[in-house]
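2 protein chains.
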Amino acid sequence: MTLRRSWLPSANTPDTDFPLNNLPCGVFSDDLPPRCGIAIGDMILDVAALEAEGILTLADHPVFDVPFWNDCMELGPAAWADLRAQITAMLAEGSTKQFVVEDHLVPMASATLHMPFLVSEYTDFYAGRHHAFNVGSMFRDPANALPPNWLHIPIGYNGRASSVVVSGTDVRRPWGQLKPQGSDAPIFAPSARFDFELELGAVVGTGSDGPITVAQADAMIFGYVLLNDWSARDIQAWEYQPLGPFQAKATATTISPWIVMRAALEPFRTPTPPREVPLLPYLREPGPMLYDIAVSVALTPESGAESTISRTNYAEMYYSAPQQLTHHASSGCPMAVGDLLGSGTISGPERANRGSLLELSWGGKEPLEITGGTRTFLQDGDTITLRGHATGAGYRIGFGDCTGRVTPALKDWPQ
Amino acid sequence: MTLRRSWLPSANTPDTDFPLNNLPCGVFSDDLPPRCGIAIGDMILDVAALEAEGILTLADHPVFDVPFWNDCMELGPAAWADLRAQITAMLAEGSTKQFVVEDHLVPMASATLHMPFLVSEYTDFYAGRHHAFNVGSMFRDPANALPPNWLHIPIGYNGRASSVVVSGTDVRRPWGQLKPQGSDAPIFAPSARFDFELELGAVVGTGSDGPITVAQADAMIFGYVLLNDWSARDIQAWEYQPLGPFQAKATATTISPWIVMRAALEPFRTPTPPREVPLLPYLREPGPMLYDIAVSVALTPESGAESTISRTNYAEMYYSAPQQLTHHASSGCPMAVGDLLGSGTISGPERANRGSLLELSWGGKEPLEITGGTRTFLQDGDTITLRGHATGAGYRIGFGDCTGRVTPALKDWPQ
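Going down the list, the protein sequences come from chains A and B.
Letter by letter, the first sequence follows residues 1 to 415 in the working numbering.
Letter by letter, the second sequence follows residues 1 to 415 in the working numbering.
In short, the hints are calculated from the structure, not lab data.
One should not assume that every hint holds.
Note that identical chains are pooled: a pair holds if it fits in a single copy or bridges any two copies.
In silico EDC-like pairs for lysine to aspartate or glutamate, Cα to Cα no more than 20 Å straight-line [unchecked claim]: (1) Lys179 <-> Glu276; (2) Lys97 <-> Glu53; (3) Lys97 <-> Glu369; (4) Lys97 <-> Glu366; (5) Lys179 <-> Asp401; (6) Lys411 <-> Asp209.
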């Protein structure tokens, strides 16, 4: 796939996240309240205004004059394709609509970005093999790092939708129950091992209420976001047995401001790795369901310089989002428009490819070098920035930066 | 507390779940669409109609003409108390409003009951000590049945709000990954160990976005429901390590059609049991936070007779719902109106007090006698009915039956 040229010059530069091939979905505000927009180059196309003026029509009722993409998602995959076709025609080089559309471009630099959709429910998976192996080695037993079910089930747990925030939102270091090493009893204190996790999130755009095949699940996915699953490792270690992570993962989960639609990622499909043991038939993929998306993590200390601390690829996952969605629905669990599925931490085989500080510093034992210092876990004032790009011929598909800054814990706890 | 007498005779009988002291909140339909109602004796008071006619006023906008109680909950505790005061005055013996109110009573027998509120998110706890001990003995090690954190943390996991259904909804036996004993690999098949769990659910009526004390958490709870956390034990055993139960608990969770408001339960407050180890200060209770509510489970085979298979009391819990809510919010997790917190299975000390078939049949090894047969786990056609009552002088506070019937699994799985 090559670059689709737009009459908007900033959409044709090789380093923009948002060429005409991308058209990701976000929610923005300027002088007017939050509404739906599509990123193009360094601008946001105000699709709510286009719809109000009758230039863009997707349904017999407005779907873009709201601060979330759920109403558009509800229209289903045919409408999503129609949206891309209409917007592509408007923004393409030579479009006859340039002069009416131009009035509805808002500079991204002057806009505020909001949560792009209402999260119905949030589920986080554990589908990165290197990550599962690393964590299993540290939390449990290096000889049996991978749990016995791991090669058969896309292991996941339900997270907390209310804690999902958009890129740019500060994240306060949590308090929690911790059990200091060598102590007999837990204490209640701010987390000393606060961490990030590099993930992609799949946004479910079509609901279900019964069994779904992997192919059906793929068609239900509206798009993907970058996702940082902030994790308090000391809270996690003490709480997670026997019912899994709970408060360790409930402080915040940050997503990128832009949902990259599945259609924009089509040229970058890539298969899951060879299966070590055969999957049960309900989980088998009819074709490639991962994407070749290079992802990275940068850490910027307060008033310090940015260091890129991890580079890996979404193609490292052992299970794809459609497989996870199929498994999620397998018990009869109804899935809904706006459900968010975290991929699990994306770690690669080498130290430089690890998607969390837990892994990068090996549980705090091997401090990581960054510009002007070292890190085991996050310090107050640290900003974490996730980035992701699929690269075509002369263009790339990006999500925009997914950032969050750690602010100090509350000083006191109310009694 | 003694019976408050109503001019409605059926509200004054000692065996009704719904005397004037109760006034629980539900959603019903008859010839008109679903709307809010309050149970009284064998009738439902149509509060949406009372509001429309100006007989009942709680806010400057209508809150009862919708098929959920969330809008009323949003008004906050002062409005909840106001609602009870207005309805109590209308329905009390000697009320001057009897003749206008009578027109808005709908016979419960002719109404359909719906989900009483929109579930924002659903969390299930594990706060019954006997249950945790029994399950720990079976799933893990009898010598270390109680996990080390159990006496310090109200252990919980996030469940799936989309799977919560109202009493009377059929529950289809799920398919899932199971690992038959002695087998090397899992299979994908209908669950053979499908079970119920006897619980109470707390309905959060006020949101939060920061730390909350146990007293504040108590004030945030709108009311309580009966809750059956259907559980596929074979799926659970294979999937739950290391991230907790997932599909085993996602088929359905059934709640009673009536939310009993906290105010109705005030006379029945009772303390949590003595602490074996002191709780951390953030979890300490300022007063009694459990309730003396006798709960029971009945099993009715298809075309068979009902057998009561368990009787216990909500006062058996080690942690109260306010403690669970305080812990839930402790990491900074925002809590919302409509959040549902399952208590955890309520089991008492003896076999006859166990709140699940897993415990009653000790993992299937000790079949339970029922009228006309035995049970290890649920069979197709079995109906489970949960009941709960707090008993005052000459009256009782009930939730209405919380029932669900197991229907056969899907015959085939789509490929």
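Evaluation of the provided hints:
Taking the shortest Cα distances, lysine 179 and glutamate 276 sit within 20 Å of each other only across copies (18 Å), while inside one copy they are farther apart (37 Å). Within a single copy, lysine 97 and glutamate 53 get their C-alpha atoms as close as 13 Å, which meets the 20 Å cut-off; across copies the closest is 53 Å, which misses it. Taking CA atoms no more than 20 Å apart as the test, lysine 97 paired with glutamate 369 passes in neither setting, with 52 Å inside one copy and 76 Å between copies. Proximity of lysine 97 to glutamate 366 under the C-alpha cut-off of 20 Å is found in neither arrangement, the shortest distances being 57 Å within a copy and 75 Å between copies.
In this homomeric assembly, lysine 179 and aspartate 401 never come within 20 Å of each other (Cα to Cα): the closest approach is 35 Å inside a single copy and 43 Å across copies. For the homomeric pair lysine 411 and aspartate 209, the shortest alpha-carbon distance between copies (16 Å) is at most 20 Å, but the shortest distance inside one copy (46 Å) is not.
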